[in-house]
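Taken in sequence, the protein lines are chains E and Y.
Numbering follows the numbering used here, with no gaps: position 9 of the first sequence is 34.
Numbering follows the numbering used here, with no gaps: position 158 of the second sequence is 1122.
These are computed hints drawn from the structure, not numbers from a lab.
The beta carbon of each residue, even a glycine, is placed where N, CA and C say it ideally should be.
There's no promise every hint is true.
As the list claims (entries may be wrong) - Listed below are the simulated EDC-like cross-link pairs for lysine to aspartate or glutamate, each with C-alpha atoms no more than 16 Å apart in a straight line:
{"hint": "1", "chain 1": "Y", "residue 1": "1121", "chain 2": "E", "residue 2": "43"}
{"hint": "2", "chain 1": "Y", "residue 1": "1163", "chain 2": "Y", "residue 2": "1233"}
{"hint": "3", "chain 1": "Y", "residue 1": "1116", "chain 2": "E", "residue 2": "89"}
{"hint": "4", "chain 1": "E", "residue 1": "56", "chain 2": "E", "residue 2": "89"}
{"hint": "5", "chain 1": "E", "residue 1": "100", "chain 2": "Y", "residue 2": "1223"}
{"hint": "6", "chain 1": "Y", "residue 1": "1116", "chain 2": "Y", "residue 2": "1212"}
{"hint": "7", "chain 1": "E", "residue 1": "56", "chain 2": "Y", "residue 2": "1057"}
{"hint": "8", "chain 1": "E", "residue 1": "95", "chain 2": "E", "residue 2": "43"}
{"hint": "9", "chain 1": "E", "residue 1": "56", "chain 2": "Y", "residue 2": "1192"}
{"hint": "10", "chain 1": "Y", "residue 1": "1158", "chain 2": "Y", "residue 2": "1212"}
{"hint": "11", "chain 1": "E", "residue 1": "44", "chain 2": "Y", "residue 2": "1214"}
{"hint": "12", "chain 1": "E", "residue 1": "56", "chain 2": "Y", "residue 2": "1202"}
{"hint": "13", "chain 1": "E", "residue 1": "104", "chain 2": "Y", "residue 2": "1117"}
{"hint": "14", "chain 1": "E", "residue 1": "64", "chain 2": "Y", "residue 2": "1117"}
{"hint": "15", "chain 1": "E", "residue 1": "75", "chain 2": "Y", "residue 2": "1117"}
{"hint": "16", "chain 1": "Y", "residue 1": "1113", "chain 2": "E", "residue 2": "105"}
{"hint": "17", "chain 1": "Y", "residue 1": "1121", "chain 2": "Y", "residue 2": "1214"}
{"hint": "18", "chain 1": "Y", "residue 1": "1116", "chain 2": "E", "residue 2": "43"}
{"hint": "19", "chain 1": "Y", "residue 1": "1158", "chain 2": "E", "residue 2": "72"}
{"hint": "20", "chain 1": "E", "residue 1": "104", "chain 2": "E", "residue 2": "68"}
{"hint": "21", "chain 1": "Y", "residue 1": "1137", "chain 2": "Y", "residue 2": "1127"}
{"hint": "22", "chain 1": "Y", "residue 1": "1158", "chain 2": "Y", "residue 2": "1200"}
{"hint": "23", "chain 1": "E", "residue 1": "64", "chain 2": "Y", "residue 2": "1212"}
{"hint": "24", "chain 1": "Y", "residue 1": "1158", "chain 2": "Y", "residue 2": "1177"}
{"hint": "25", "chain 1": "E", "residue 1": "100", "chain 2": "E", "residue 2": "50"}
{"hint": "26", "chain 1": "Y", "residue 1": "1163", "chain 2": "Y", "residue 2": "1202"}
{"hint": "27", "chain 1": "Y", "residue 1": "1116", "chain 2": "Y", "residue 2": "1223"}
{"hint": "28", "chain 1": "E", "residue 1": "56", "chain 2": "E", "residue 2": "82"}
{"hint": "29", "chain 1": "E", "residue 1": "81", "chain 2": "Y", "residue 2": "1117"}
{"hint": "30", "chain 1": "E", "residue 1": "95", "chain 2": "E", "residue 2": "72"}
{"hint": "31", "chain 1": "E", "residue 1": "44", "chain 2": "Y", "residue 2": "1199"}
{"hint": "32", "chain 1": "Y", "residue 1": "1113", "chain 2": "E", "residue 2": "50"}
{"hint": "33", "chain 1": "E", "residue 1": "75", "chain 2": "Y", "residue 2": "1142"}
{"hint": "34", "chain 1": "Y", "residue 1": "1158", "chain 2": "Y", "residue 2": "1214"}
What the hints assert, rightly or not - Derived contacts from chain Y toward chain E, CB cut-off under 7 Å, selection only:
{"hint": "35", "residue": "1091"}
{"hint": "36", "residue": "1092"}
{"hint": "37", "residue": "1093"}
{"hint": "38", "residue": "1094"}
{"hint": "39", "residue": "1143"}
{"hint": "40", "residue": "1152"}
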Amino acid sequence: MSTAMNFGSKSFTPRPPDKGSFPLDHFGECKAFKETFMKCLRDNSFDNSKCRLQSKDYLECRMDHQLMAKEPLEKLGFKDLMDPPPSQADRDTKP
Amino acid sequence: MFPAPFKVNFLQQTQIQVWTDCRTMLLPFLVRQSLCCPQVLLTRCVRALQCDAPRTLHSQAEHFLQRRLPLRFHTQSRGAKSRNRKSKSQEEEWKTRNKTVLTYIAAAGVGMIGLSYAAVPLYRLYCQASGLGGTAVAGHDADQVETMKPVKERVLKITFNADRHASMQWNFKPQQTEIFVVPGETALAFYRAKNPTDKPIIGISTYNVVPFEAGQYFNKIQCFCFEEQRLNPHEEVDMPVFFYIDPEFDEDPRMARVDTITLSYTFFEAKEGQKLPLPGYSYN
Chain E
26 MSTAMNFGSK SFTPRPPDKG SFPLDHFGEC KAFKETFMKC LRDNSFDNSK
76 CRLQSKDYLE CRMDHQLMAK EPLEKLGFKD LMDPPPSQAD RDTKP
Chain Y
965 MFPAPFKVNF LQQTQIQVWT DCRTMLLPFL VRQSLCCPQV LLTRCVRALQ
1015 CDAPRTLHSQ AEHFLQRRLP LRFHTQSRGA KSRNRKSKSQ EEEWKTRNKT
1065 VLTYIAAAGV GMIGLSYAAV PLYRLYCQAS GLGGTAVAGH DADQVETMKP
1115 VKERVLKITF NADRHASMQW NFKPQQTEIF VVPGETALAF YRAKNPTDKP
1165 IIGISTYNVV PFEAGQYFNK IQCFCFEEQR LNPHEEVDMP VFFYIDPEFD
1215 EDPRMARVDT ITLSYTFFEA KEGQKLPLPG YSYN
């Protein structure tokens, strides 16, 4: 437990997120993208690597509707989805 | 202790003399004995002699006694003086020795106090270097997201858990129970929250990662925690969590057997004017 006051017991210290908090999507503007993403996950037995394109779409939707600060997608770790497929073997994540 | 009994004889005057000389030599050891003892013995002997021998012997013996008596006292006092000097020097020696010992002890005491003060920053440094106690390892870089490469061989299962405080009336649950990610790859997950009541409720959440040591590798890019989220009556929202596992997770020997990481969110009701302590400051 993170509240156990033992000396030497490993406890967890929560850290704030890097880019802060998502504003709530009260109007469900990006709900469609979310549904596609969830469907993709279910179809691929919840393997995230296979659904990165959908997650990228969802985040782009958020950015378009001012639900997320606009950032270049490289900064969000989608560099491999942005560029035309380079010749590096470990960059192949397109479903 | 005493030599042979007092033999009265003119020929044995030398003997007497020797005997008295021996006595003076033995005087330092005889100090503790009562002074009157030898005297008494001698006077008794002398009186015995008086009856038998002629007066001259008696007078001679007396003469010897008298002569020896002051000597005896003299030597006694001399011995006492030398004794005093010896004990004085000894005392001085003890004094200086005591002083040095006391100085050493005082120095050790002061050193201990100083060490206990210095221990606080030193321990913090040590914890950061070794990562004990789940403290955040210094050097968590936001630009790392851009440059990190996914470690495809290591597949981790992230399970999701949702909790709420007893008095919190939202319905809060994850939209997927688990997700498979690899370190170095950003991932997206969703929770759903619904306010079934007729009044708006403001919630605030915190999270927990188990196992604790893996928590330092769990980096959230963006989530919905630590800020007040307001839900209108009968409103339902999707709450995303955008995170990644640090690629260094694969190189940590302590994480070699870790395959499952559980992310747990807990929602609390936020009261007006309540200020929660900010995470990231060490208050534990």
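Hints versus structure:
Restraint check: the Cα-Cα separation between residue 1121 (chain Y) and residue 43 (chain E) comes to about 22 Å, which exceeds 16 Å; the hinted pair is violated. Distance restraint check for residue 1163 (chain Y) and residue 1233 (chain Y): the Cα-Cα separation of roughly 13 Å lies within the 16 Å cut-off, and the hinted pair is therefore satisfied. Restraint check for residue 1116 (chain Y) and residue 89 (chain E): the C-alpha separation of about 31 Å exceeds 16 Å, so the hint is violated. Taken as a hint, the residue 56 (chain E) and residue 89 (chain E) pair is honoured in the structure, with Cα atoms around 13 Å apart against an allowance of 16 Å.
About 27 Å separates the Cα atoms of residue 100 (chain E) and residue 1223 (chain Y), which puts this hinted pair outside 16 Å; it is violated. For the hint pairing residue 1116 (chain Y) with residue 1212 (chain Y), the CA-to-CA distance comes to about 13 Å; that is within 16 Å, so the pair holds. Under the criterion of a C-alpha separation no larger than 16 Å, the hint pairing residue 56 (chain E) with residue 1057 (chain Y) is inconsistent with the structure, at around 92 Å. For the hint pairing residue 95 (chain E) with residue 43 (chain E), the CA-to-CA distance comes to about 14 Å; that is within 16 Å, so the pair holds.
Distance check on the hinted pair: residue 56 (chain E) and residue 1192 (chain Y) sit about 21 Å apart at the alpha-carbon level, beyond 16 Å; violated. Straight-line distance between C-alpha atoms of residue 1158 (chain Y) and residue 1212 (chain Y) comes to about 37 Å, which puts the hinted pair past the 16 Å bound. For the proposed pair residue 44 (chain E) and residue 1214 (chain Y), the alpha carbon gap of about 25 Å is over 16 Å, so the pair is violated. Pair hint residue 56 (chain E) plus residue 1202 (chain Y) holds up; C-alpha atoms about 8 Å apart against a cutoff of 16 Å.
Of the pairs offered as hints, the one joining residue 104 (chain E) and residue 1117 (chain Y) is violated, with about 20 Å between alpha carbons and a cut-off of 16 Å exceeded. Between residue 64 (chain E) and residue 1117 (chain Y) the alpha-carbon distance is near 25 Å, which puts this suggested pair outside the 16 Å criterion. With a CA separation close to 15 Å, the supplied pair residue 75 (chain E) and residue 1117 (chain Y) stays within the 16 Å bound. Straight-line distance between C-alpha atoms of residue 1113 (chain Y) and residue 105 (chain E) comes to about 10 Å, which keeps the hinted pair within the 16 Å bound.
Distance check on the hinted pair: residue 1121 (chain Y) and residue 1214 (chain Y) sit about 14 Å apart at the alpha-carbon level, within 16 Å; holds. For the hint pairing residue 1116 (chain Y) with residue 43 (chain E), the CA-to-CA distance comes to about 24 Å; that exceeds 16 Å, so the pair is violated. Of the supplied pair hints, the one linking residue 1158 (chain Y) and residue 72 (chain E) is violated, its CA atoms being roughly 27 Å apart against a limit of 16 Å. For the proposed pair residue 104 (chain E) and residue 68 (chain E), the alpha carbon gap of about 24 Å is over 16 Å, so the pair is violated.
Taking the CA atoms of residue 1137 (chain Y) and residue 1127 (chain Y), the gap is about 8 Å. The hint holds against a cut of 16 Å. The straight-line distance between the Cα atoms of residue 1158 (chain Y) and residue 1200 (chain Y) is roughly 4 Å, inside the 16 Å bound, and the hint therefore holds. Distance hint between residue 64 (chain E) and residue 1212 (chain Y) is unfulfilled; the C-alpha atoms sit about 31 Å from each other, more than 16 Å. For the hint pairing residue 1158 (chain Y) with residue 1177 (chain Y), the CA-to-CA distance comes to about 32 Å; that exceeds 16 Å, so the pair is violated.
Of the pairs offered as hints, the one joining residue 100 (chain E) and residue 50 (chain E) is violated, with about 22 Å between alpha carbons and a cut-off of 16 Å exceeded. A threshold of 16 Å between alpha carbons decides the hint, and for residue 1163 (chain Y) with residue 1202 (chain Y) the separation of about 19 Å lies outside it, so the pair is violated. Between residue 1116 (chain Y) and residue 1223 (chain Y) the CA atoms are separated by roughly 14 Å; this keeps the pair inside 16 Å, and the hint holds. For the proposed pair residue 56 (chain E) and residue 82 (chain E), the alpha carbon gap of about 11 Å is at most 16 Å, so the pair holds.
Distance restraint check for residue 81 (chain E) and residue 1117 (chain Y): the Cα-Cα separation of roughly 23 Å exceeds the 16 Å cut-off, and the hinted pair is therefore not satisfied. For the given pair, residue 95 (chain E) sits about 26 Å from residue 72 (chain E) by alpha-carbon distance, which is inconsistent with the 16 Å threshold. Using a Cα cut-off of 16 Å, the hinted pair residue 44 (chain E) and residue 1199 (chain Y) is violated, with the two alpha carbons roughly 25 Å apart. Straight-line distance between C-alpha atoms of residue 1113 (chain Y) and residue 50 (chain E) comes to about 31 Å, which puts the hinted pair past the 16 Å bound.
Only pairs whose Cα atoms come within 16 Å are accepted, and residue 75 (chain E) paired with residue 1142 (chain Y) is accepted, the gap being roughly 14 Å. In summary, the hint linking residue 1158 (chain Y) to residue 1214 (chain Y) is not supported, as the alpha carbons are separated by about 37 Å, beyond the 16 Å threshold. Contact between residue 1091 (chain Y) and chain E, as hinted, is not supported at the beta carbon level, the nearest pair being about 11 Å apart and thus beyond 7 Å. Checking residue 1092 (chain Y) against chain E by beta carbon gives a least distance of about 12 Å; that is not within 7 Å, so the hint is violated.
A cut of 7 Å between beta carbons decides the hint on residue 1093 (chain Y): the least distance to chain E is about 16 Å, and the hint is violated. Taking 7 Å as the C-beta contact cut-off toward chain E, the hint placing residue 1094 (chain Y) at the interface is violated, the least distance being around 12 Å. Checking residue 1143 (chain Y) against chain E by beta carbon gives a least distance of about 5 Å; that is within 7 Å, so the hint holds. Checking residue 1152 (chain Y) against chain E by beta carbon gives a least distance of about 4 Å; that is within 7 Å, so the hint holds.
The structure is inconsistent with the numbered hints 1, 3, 5, 7, 9, 10, 11, 13, 14, 18, 19, 20, 23, 24, 25, 26, 29, 30, 31, 32, 34, 35, 36, 37, 38, although it conforms to all the rest.
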